[in-house]
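Participant: Sequence:
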Amino acid sequence: MKNKGGIEMSVVQKLEHLILTIPSCLEENAEEEALQKTNQESWSKQEILGHLCDSATNNHMRFVKIKLASDPVRIEKYQQNQWVALHGYSTNYTYREMIMLWTLLNRQLLYVLKNGSAEDLAKPVILDDEITITLGWLIEDYVNHLLHHMKQIIVKSLTE
1 MKNKGGIEMS
11 VVQKLEHLIL
21 TIPSCLEENA
31 EEEALQKTNQ
41 ESWSKQEILG
51 HLCDSATNNH
61 MRFVKIKLAS
71 DPVRIEKYQQ
81 NQWVALHGYS
91 TNYTYREMIM
101 LWTLLNRQLL
111 YVLKNGSAED
121 LAKPVILDDE
131 ITITLGWLIE
141 DYVNHLLHHM
151 KQIIVKSLTE
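Here the UniProt record's numbering is used: the first residue of the sequence shown is 1, the next is one more, and so on.
These aren't lab readings, by the way, just hints derived from the structure by calculation.
You may find that some hints are simply not true.
To be verified - Keeping only pairs whose Cα atoms sit at most 25 Å apart, straight-line, the calculated DSS-like set for lysine-lysine is: (1) Lys37 x Lys151; (2) Lys65 x Lys77; (3) Lys77 x Lys67; (4) Lys77 x Lys151; (5) Lys114 x Lys65; (6) Lys67 x Lys114.
Using the sequences plus the hints, can you model the full thing?
Facilitator: In structure tokens form, the structure reads like this:
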């Protein structure tokens, strides 16, 4: 993503930009629209937003552990479908609450990232398939995952 001056944004700047711009884009969806499913097996827009809250929660813990560790940290996948079902995002929350929750969780995650160093980004992380990556790669993957799912919820471009 490029900023208005055409200069490549860092992943942390990109996340900060998304936190500032996404909530107003999400608010363009009506609550009824956010709860609609295309079929029984798919998530509604509100459940996708809930999944992104779960992703923020899981990644916040991962990022904190990695930044504080002196040895490589091993991370595991989480059961995303079960997390969404367990939280009952379409029945226990309003769409407005989901937008606020997503915003606050990502802001918390952003502050952890802003309080890091270049050395933190190079810290090794071991995935459950034994592949070693870096914290920097994991952060980039988090933002790309976020954008992928936001494109399922929001019609207009997120790069404006």
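Participant: Against each hint, give a clear statement of whether it holds in the structure.
Facilitator: So, going through the hints one by one against the coordinates:
| no. | hint | in the structure |
| --- | --- | --- |
| 1 | Lys37 x Lys151 | holds, 16 Å |
| 2 | Lys65 x Lys77 | holds, 15 Å |
| 3 | Lys77 x Lys67 | holds, 19 Å |
| 4 | Lys77 x Lys151 | holds, 23 Å |
| 5 | Lys114 x Lys65 | holds, 15 Å |
| 6 | Lys67 x Lys114 | holds, 12 Å |
In terms of the numbered hints stated before, the structure departs from none.
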